[in-house]
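Novice: Okay, here's what each chain looks like letter by letter:
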Amino acid sequence: MKEIVVPGEKVDNKVESYVFKDGDSLYSMIFGVLDKRDEYGRIVPLNGKYFSQIDDYVVGVITEVKFGGYVVDVNSPYDAFLASRRKYDRGDVIFAKVANVNEVRSVSLADDQKLFEGELMEVSPVKVARVIGKKNSMLMLIKEKTKTDIYVGRNGRIWLRGGDIAKARKTILKIEREAHTDGLTDRITEFLNR
Amino acid sequence: MKLIKDGKRIDGREFDELRPIKIEAGVLKRADGSCYVEWGKNKVIAAVYGPRECLPKHTQDSYKAKLTYRYNMAPFSVDDRKRPGPDRRSVEISKVSREAFERVLFLEYFPRTAINVFVEVLQADAGTRCAALTAASVALADAGIPMRDLIVACAAGKVEDEMVLDLCQEEDNYGQGDLPVAISPRTGQIHLMQLDGIFSEEEFKKALDFAVKGCLQVHELQKKALKEKYENIGEVYGNE
Numbered sequence: 033m034k035e036i037v038v039p040g041e042k043v044d045n046k047v048e049s050y051v052f053k054d055g056d057s058l059y060s061m062i063f064g065v066l067d068k069r070d071e072y073g074r075i076v077p078l079n080g081k082y083f084s085q086i087d088d089y090v091v092g093v094i095t096e097v098k099f100g101g102y103v104v105d106v107n108s109p110y111d112a113f114l115a116s117r118r119k120y121d122r123g124d125v126i127f128a129k130v131a132n133v134n135e136v137r138s139v140s141l142a143d144d145q146k147l148f149e150g151e152l153m154e155v156s157p158v159k160v161a162r163v164i165g166k167k168n169s170m171l172m173l174i175k176e177k178t179k180t181d182i183y184v185g186r187n188g189r190i191w192l193r194g195g196d197i198a199k200a201r202k203t204i205l206k207i208e209r210e211a212h213t214d215g216l217t218d219r220i221t222e223f224l225n226r
Numbered sequence: 002m003k004l005i006k007d008g009k010r011i012d013g014r015e016f017d018e019l020r021p022i023k024i025e026a027g028v029l030k031r032a033d034g035s036c037y038v039e040w041g042k043n044k045v046i047a048a049v050y051g052p053r054e055c056l057p058k059h060t061q062d063s064y065k066a067k068l069t070y071r072y073n074m075a076p077f078s079v080d081d082r083k084r085p086g087p088d089r090r091s092v093e094i095s096k097v098s099r100e101a102f103e104r105v106l107f108l109e110y111f112p113r114t115a116i117n118v119f120v121e122v123l124q125a126d127a128g129t130r131c132a133a134l135t136a137a138s139v140a141l142a143d144a145g146i147p148m149r150d151l152i153v154a155c156a157a158g159k160v161e162d163e164m165v166l167d168l169c170q171e172e173d174n175y176g177q178g179d180l181p182v183a184i185s186p187r188t189g190q191i192h193l194m195q196l197d198g199i200f201s202e203e204e205f206k207k208a209l210d211f212a213v214k215g216c217l218q219v220h221e222l223q224k225k226a227l228k229e230k231y232e233n234i235g236e237v238y239g240n241e
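Just so you know, the protein sequences line up as chains A and B, in that order. Count the first sequence with the numbering used here and you get residues 33 to 226, in order. Count the second sequence with the numbering used here and you get residues 2 to 241, in order.
A few of these clues could be false.
[Unchecked claim] Derived pair list, reagent style DSBU-like, types lysine-lysine, alpha-carbon separation capped at 30 Å: (1) A/K98 to B/K67; (2) A/K129 to A/K177; (3) A/K129 to B/K58; (4) A/K199 to B/K230; (5) A/K34 to B/K225; (6) A/K46 to B/K230; (7) B/K6 to A/K42; (8) A/K46 to B/K207; (9) A/K129 to B/K65; (10) B/K58 to B/K214; (11) B/K30 to B/K65; (12) B/K228 to A/K42; (13) B/K206 to B/K65; (14) B/K207 to B/K42; (15) A/K68 to B/K67; (16) A/K46 to B/K228; (17) B/K96 to A/K53; (18) A/K98 to A/K34; (19) B/K83 to A/K68; (20) A/K53 to B/K3; (21) A/K206 to B/K30; (22) B/K230 to B/K67; (23) B/K23 to A/K206; (24) A/K42 to B/K225; (25) A/K175 to B/K30; (26) B/K6 to B/K30; (27) A/K177 to A/K146; (28) A/K53 to B/K42; (29) A/K199 to B/K30; (30) A/K206 to B/K230.
No wet-lab data here; the hints were simulated from the structure.
Please model the complete structure; the sequences and the hints are all you need to start from.
Specialist: In structure tokens, the structure reads:
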């Protein structure tokens with residue numbers, strides 16, 4: 033059961049994320065969707081920036097070449113640093129893992145690989161989970177039907193190459209638009225089969 | 002000029018009646034959050050950017066996000082062209098509005114970043130700072146920025162010795178007092194309050210009471226504007 037909540041709206045005492053306590057009650061901090069599927073509810077934001085979490089895989093763009101490594105734009109208010117022996121130029125697109133986020137929100141990346149050619153697109157970071165699907169189900173469905181090589185970064189950046197890229201893009205944008213609705217997997221399957 | 006006739010105001014409203022208000026969230030594609038408000042003859046648009054990198058770097062705060070709020074009136078928003086750029090009044094409104102939001106946004110969650118709020122008044126008819134604040138609140142929520150509440154603002158005033166809610170331009174220009182107030186609807190806490198005029202203690206209490214009641218009504222419209230944005234999308238799928 034899903035419900036849209038706004039900041040300051042009172043929610044059940046069993047809700048877990050994006051809430052704050054005032055007195056004995058819990059209130060939503062954000063404009064989001066309250067999902068009351070099981071015993072505990074969760075609030076998922078409808079919009080927001082990407083903030084790096086350790087072990088996230090992200091699609092980044094090299095913005096500066098420094099002595100020990102590179103400064104990478106990960107579509108976040110906080111830039112990331114990649115200490116790597118590999119040679120990159122400004123503008124290169126890489127796929128890497130967030131290795132660490134320290135107390136001042138500085139991010140370090142690791143396990144980097146360059147993504148050659150291809151195209152980039154961006155979706156709202158809060159909708160990425162839906163694009164990937166449970167156990168990658170949604171992503172595998174898109175890749176199978178369009179034969180496109182796709183790398184999805186948790187930061188909302190998606191790299192695509194080959195296959196029916198146009199269809200893959202349209203599908204991803206459709207998922208982003210309808211991320212908060214039910215029955216999406218069926219509609220996407222039908223859309224891809226057209 | 003007679004502002005009150007036969008128990009009604011010049012625009013026909015009751016003493017405690019708000020002007021018609023329309024609020025729409027998410028109207029600007031490039032902003033992180035936005036909101037358009039029509040309040041009587043006022044038209045304001047708010048845009049929010051952030052949290053984003055705080056530049057220039059020396060203005061960064063290591064412990065929290067830096068909030069900027071810019072209230073500006075477009076040259077065409079008033080009868081006599083307003084010269085572009087901030088004037089003393091705009092700077093003051095920007096300051097007190099920013100301070101209101103600083104009390105409700107969870108700025109500590111985003112150290113070293115900036116959250117920039119811009120509100121442009123496209124058409125003015127008294128009560129623009131309230132409409133601006135109301136719009137900015139919705140825009141901040143639309144941007145996904147966490148806050149303790151959606152703050153809302155409304156003004157009350159004194160016109161020919163009567164306390165009235167939501168002054169229009171004539172009432173503001175020829176009346177005896179204007180009291181804009183911004184509150185947190187959940188707690189009733191006051192985050193902005195200014196008074197232009199002379200009120201007795203009784204009159205002040207009555208005006209404040211009117212303003213708070215007005216705020217609560219407007220808050221319902223704020224919530225509706227946000228919730229509506231997503232309720233419509235659900236029905237449109239399959240229309241490529």
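Novice: Decide, hint by hint, whether the structure agrees.
Specialist: Quick rundown of the hints versus the structure:
{"no.": "1", "hint": "A/K98 to B/K67", "in the structure": "holds, 28 Å"}
{"no.": "2", "hint": "A/K129 to A/K177", "in the structure": "holds, 27 Å"}
{"no.": "3", "hint": "A/K129 to B/K58", "in the structure": "holds, 27 Å"}
{"no.": "4", "hint": "A/K199 to B/K230", "in the structure": "holds, 26 Å"}
{"no.": "5", "hint": "A/K34 to B/K225", "in the structure": "holds, 16 Å"}
{"no.": "6", "hint": "A/K46 to B/K230", "in the structure": "holds, 26 Å"}
{"no.": "7", "hint": "B/K6 to A/K42", "in the structure": "violated, 43 Å"}
{"no.": "8", "hint": "A/K46 to B/K207", "in the structure": "violated, 40 Å"}
{"no.": "9", "hint": "A/K129 to B/K65", "in the structure": "holds, 26 Å"}
{"no.": "10", "hint": "B/K58 to B/K214", "in the structure": "violated, 43 Å"}
{"no.": "11", "hint": "B/K30 to B/K65", "in the structure": "holds, 27 Å"}
{"no.": "12", "hint": "B/K228 to A/K42", "in the structure": "holds, 15 Å"}
{"no.": "13", "hint": "B/K206 to B/K65", "in the structure": "violated, 36 Å"}
{"no.": "14", "hint": "B/K207 to B/K42", "in the structure": "holds, 25 Å"}
{"no.": "15", "hint": "A/K68 to B/K67", "in the structure": "violated, 34 Å"}
{"no.": "16", "hint": "A/K46 to B/K228", "in the structure": "holds, 22 Å"}
{"no.": "17", "hint": "B/K96 to A/K53", "in the structure": "holds, 29 Å"}
{"no.": "18", "hint": "A/K98 to A/K34", "in the structure": "violated, 47 Å"}
{"no.": "19", "hint": "B/K83 to A/K68", "in the structure": "violated, 51 Å"}
{"no.": "20", "hint": "A/K53 to B/K3", "in the structure": "violated, 50 Å"}
{"no.": "21", "hint": "A/K206 to B/K30", "in the structure": "holds, 17 Å"}
{"no.": "22", "hint": "B/K230 to B/K67", "in the structure": "holds, 28 Å"}
{"no.": "23", "hint": "B/K23 to A/K206", "in the structure": "holds, 29 Å"}
{"no.": "24", "hint": "A/K42 to B/K225", "in the structure": "holds, 16 Å"}
{"no.": "25", "hint": "A/K175 to B/K30", "in the structure": "holds, 29 Å"}
{"no.": "26", "hint": "B/K6 to B/K30", "in the structure": "violated, 45 Å"}
{"no.": "27", "hint": "A/K177 to A/K146", "in the structure": "holds, 25 Å"}
{"no.": "28", "hint": "A/K53 to B/K42", "in the structure": "violated, 39 Å"}
{"no.": "29", "hint": "A/K199 to B/K30", "in the structure": "holds, 23 Å"}
{"no.": "30", "hint": "A/K206 to B/K230", "in the structure": "holds, 16 Å"}
Consistency note: the structure conflicts with the earlier hints numbered 7, 8, 10, 13, 15, 18, 19, 20, 26 and 28.
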